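Q: So the chains spell out like this:
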Amino acid sequence: MLYRTAGQYKTSYEADQALFPVRQDAVLLGIILLFVWVIFPLTASEFTFQTLLIPILIYSLAALGLNILTGYAGQLSLGTAAFMGVGAYACYKMITIMPWMNPIVAILLSGFFSAGVGVMFGIPSLRIKGFYLAIATLAAQFFLVWLFEKWAWLYNYNASGAIQVPNLDIFGLYVSGPQADSIVQYYVVLFIVSLLTWLCINLTRGTLGRTWKATRDMDIAAELIGINLMRSKLTAFAISSYVVGVAGALFVFMWRGAAEPNLFDIPLSFRILFIAIIGGLGSIMGNYLGAILIVGLPVVLNLLPETLGIPISSSMVEHLNIMIVGSLIVFFLIVEPHGLAQLWRLLREKLILWPFPY
Amino acid sequence: MDLLNQIFIAPFVDMVAAPDFLLQVLWEGLVSGVLYALIALGFVLIYRSSRIFNFAQGIMVVFAALTLVGLHAMGIPAWISVILTLGVMFVLAVSIERIVLRPLVGQPDIILFMATIGITLFLIGLGEIIFGGENKQMISAELGIPTGDTVLEPWGGLLILQHLDITVVGVAVVLVGALLAFLNYTQMGRAIRALGDDHQAALSVGISLQTIWVLVWFIAGIIALVTGIAWGARAGVSFALEVIAYKALPVLMLGGLESITGAIIGGLMIGLSEKLFEIYWGQPILGGNTETWFAFVLALIVLLFRPQGLFGERIIERV
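If you read the sequences in order, they're chains A and B. Count the first sequence with full-length UniProt numbering and you get residues 1 to 358, in order. Count the second sequence with full-length UniProt numbering and you get residues 1 to 319, in order.
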């Protein structure tokens, strides 16, 4: 009833291929945008900003980057966290060398460094496939984290070996560092995430996206119909690493405020892989759903015993958390291997017929 | 010029100048190589029979070691704890097969891989709740693992062989030999290999997929226990042990995911070369701690020339 597609005629091919062929989808997106741009910032508390809104956006962006590589181009990568690290360290170096730089520009530029590194580690993908490639990307993971630790130039030779985000401002308004307001940071993150999501949606719908999908489905067949595999795979690595690198810069500059090399260790990579897979590989929206689940769930689980009045130690809660997340991953994989995005698709099909299924 | 000297000349001069030290390094590399090979074998068996890339192998090592230590702490004699731990690993194998793998039969590889990561997280949480996260002492004395060392003096130098390491190498060699014999000369073992060669053909001659899956996961559990004891006796039992499973991954790349020979030779190669590189090149030039990534980079270079690893099945692709 609410979600009725009847009567929405398409008279041209362009209209049929539009981003929102169904009017209700556009309305729904409008409502979501209204919430994230206006209502959440007006109502959210400092706690909500720091534990839910900002991390969910950043993790979604990182998962989006991984999804381009794994979900669209079919190249499994386990080194996401290291590429986030490259973005974060590149941003830090740019800011310290050129303090006058606009932080948003610096964050967007830092992605290019991780794109370069990503292409370098993507070259083996031309010969290696499947799990062999997945382990090969682990080489990037371990090597880069080691480099962050040993190459003192990266963290300006300070004694702690960690990077500390300075106070940065745009026209007098602090956007990062200890003095920045959460709401300002939220808007910066939201702006960048929206921008990159919009770019990625269009990329995946265009020529490049179709090339990637052909490569994913069967690369030899793709080569036979004239797709340049090298270009297809390396662009996937480049664009994916760019997005991941920007997410890494946001991760440190807009959320954590400081970073040690082991922050970018393998658990972070897996976390992002979970988000991409539970959300749904090959879906843009899935990344957001997955991030809401994976980031939001521990927060809810942490609050639950307190609100229910169950006396339980905080370390116990943390361990239970890990267990529950682990079993939920298995549960979701069994129930719906194509992820939350697929659940939404099924729901939509039901909604179209509702309330008269026949 | 100085750098070239450091890369190409100085390490070899050092090796010739102190052959006893070189032997010491090689021995330590061999010990870890044997353990890598053992863990990689667990991976290969599971991969061959079910195409599952079992990421939970590392946490199984930790879990087995923790269970053993935990049971002993409850006052159960050491060897009975070992048997009980094997029982726990068997129950684990059965429940993983029942709860996780059976509903996921036929799903894409990446989904099964993710499921094993889910199992990993679950076991981490469970282990922390039951046994706590602090570092524990492996009960090596109670198990009768010798602790002394033998000092040899080749060419007037010094070579220290820990008895623990000798035992580890001995046990690992025996275990690998037993596994090979099991795979080659028993009906069950042949069934595992048949399943690895061709799923449908194996099913059509009446090999039960479920039994074999439980069996290979149980074998992986036994391997996990042995590695857990060996590694735990050197470094203590904690969740940091999980790292050893990451070390088995480049071994698999180097040797090939399906190859048992590959796992053994790859393990030894990686163990030896990463130790050599760390001592002679890593510490003087790169600031040390290169062991975290060297094996991966080495395997990556080998894969560039042989994409299926040294002994893996040749990948034939058709459209």
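Keep in mind that the hints were calculated from the coordinates and are not lab data. Predicted, not measured: the structure shown is a model, and the values here were computed from it. Treat the hints with care, as some may be off.
Partner residues aside, some chain B positions facing chain A, computed with beta carbon under 8 Å [stated by the list, open to error]:
| id | residue |
| --- | --- |
| 1 | 126 |
| 2 | 257 |
| 3 | 285 |
| 4 | 286 |
| 5 | 287 |
| 6 | 296 |
Backbone N, C-alpha and C define an ideal beta-carbon position, used for all residues, glycine too.
Q: Determine for every hint whether it applies to the structure shown.
A: Structure-based check of all given hints:
no. : hint : result
1   : 126  : 6 Å, holds
2   : 257  : 6 Å, holds
3   : 285  : 11 Å, violated
4   : 286  : 7 Å, holds
5   : 287  : 5 Å, holds
6   : 296  : 4 Å, holds
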